[in-house]
Amino acid sequence: NAGVTQTPKFQVLKTGQSMTLQCAQDMNHNSMYWYRQDPGMGLRLIYYSASEGTTDKGEVPNGYNVSRLNKREFSLRLESAAPSQTSVYFCASVWSGQLNEKLFFGSGTQLSVL
Amino acid sequence: TQLLEQSPQFLSIQEGENLTVYCNSSSVFSSLQWYRQEPGEGPVLLVTVVTGGEVKKLKRLTFQFGDARKDSSLHITAAQPGDTGLYLCAGANNDMRFGAGTRLTVKP
Numbered sequence: 001n002a003g004v005t006q007t008p009k010f011q012v013l014k015t016g017q018s019m020t021l022q023c024a025q026d027m028n029h030n031s032m033y034w035y036r037q038d039p040g041m042g043l044r045l046i047y048y049s050a051s052e053g054t055t056d057k058g059e060v061p062n063g064y065n066v067s068r069l070n071k072r073e074f075s076l077r078l079e080s081a082a083p084s085q086t087s088v089y090f091c092a093s094v095w096s097g098q099l100n101e102k103l104f105f106g107s108g109t110q111l112s113v114l
Numbered sequence: 001t002q003l004l005e006q007s008p009q010f011l012s013i014q015e016g017e018n019l020t021v022y023c024n025s026s027s028v029f030s031s032l033q034w035y036r037q038e039p040g041e042g043p044v045l046l047v048t049v050v051t052g053g054e055v056k057k058l059k060r061l062t063f064q065f066g067d068a069r070k071d072s073s074l075h076i077t078a079a080q081p082g083d084t085g086l087y088l089c090a091g092a093n094n095d096m097r098f099g100a101g102t103r104l105t106v107k108p
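Chains as they are written, first to last, in this note's numbering: chain A, 1 to 114; chain B, 1 to 108.
Do not take every clue at face value.
Straight line, CA to CA, 25 Å or less: simulated SDA-like cross-link-like pairs of lysine to any residue [said to hold, decoys possible]:
1) A/Lys57 / B/Val44
2) B/Lys70 / A/Lys9
3) A/Lys9 / B/Leu86
4) A/Lys57 / B/Lys59
5) B/Lys59 / A/Glu101
Derived contacts from chain B toward chain A, CB cut-off under 7 Å, selection only [to be verified]:
6) Glu17
7) Pro43
8) Val47
9) Asn93
Everything labelled a hint here was simulated from the structure, so no lab data went into it.
No experiment lies behind these values; they were computed from the predicted model shown.
We put the beta carbon where it would ideally sit given N, CA and C, even for glycine.
Here chain A stands alone, though its shape is the one from the complex (with noise of 0.2 Å):
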């Protein structure tokens, strides 16, 4: 049982090349998020799908394009990279409860762009 699985571990881009970010999760959950995080912000969520074939924006939206393939996958897409792009990023996959949710992260991508 892999939990959530996040591909690549680490990219480096040029600024306006464009990559997409793979996530998988095999426990069946209907949500799934994208969250980065930066020094001193935490995480920011910048995408989430509350079920196959919805997507929502987050905090932190802007430069970036999410596609929920399937139930299993949920991939984040930089079209243009910015330095400021330049972060750890973190899928989630969400077991919801009657009165709560629990989240499972994958290990992480880190990305610069130069």
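Using the hints provided, position chain B relative to the given structure of chain A.
Relative to the frame of chain A, chain B by itself:
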């Protein structure tokens, strides 16, 4: 500005000391969670508190949710070097928002 403000940002203490870290917001949450994150890894859930005034204990860790469900605290008794890490609080409504975290270092 962060939706959830955590304090202190950094804390360095000796093994055996007690400590409290705080998570405050002007927003009401349906639930609040505490996570711990170690370098190179994603955060891992420690506890979820749901009811205003709720207190939960997890070994040497005590979590409290404020009566108004806007704030929370984490108290660690007799801290150990293994408690070192980044402690994050997260509030749930339609989605899950995180504070910036408290980076705790426990020196042997």
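To see whether the hints hold, each was checked on the structure:
1. Distance check on the hinted pair: A/Lys57 and B/Val44 sit about 24 Å apart at the alpha-carbon level, within 25 Å; holds.
2. About 35 Å separates the Cα atoms of B/Lys70 and A/Lys9, which puts this hinted pair outside 25 Å; it is violated.
3. Restraint check: the Cα-Cα separation between A/Lys9 and B/Leu86 comes to about 20 Å, which is no more than 25 Å; the hinted pair holds.
4. Between A/Lys57 and B/Lys59, the direct Cα distance comes to roughly 38 Å. Violation of the 25 Å bound is thereby established for this hinted pair.
5. Distance hint between B/Lys59 and A/Glu101 is fulfilled; the C-alpha atoms sit about 22 Å from each other, no more than 25 Å.
6. Because the smallest distance between the Cβ of B/Glu17 and any Cβ of chain A comes to about 25 Å, over 7 Å, the interface hint for this residue is violated.
7. Below 7 Å, beta-carbon pairs count as interface contacts, and B/Pro43 has one with chain A at about 5 Å; its hint therefore holds.
8. Taken as an interface hint, B/Val47 does not check out: its beta carbon lies about 10 Å from the nearest beta carbon of chain A, beyond 7 Å.
9. Violation of the interface hint for B/Asn93 is found here, the shortest Cβ-Cβ separation to chain A being roughly 11 Å, above the 7 Å cut-off.
Hint compliance for this structure: hints 2, 4, 6, 8 and 9 are not met, and every other hint is.
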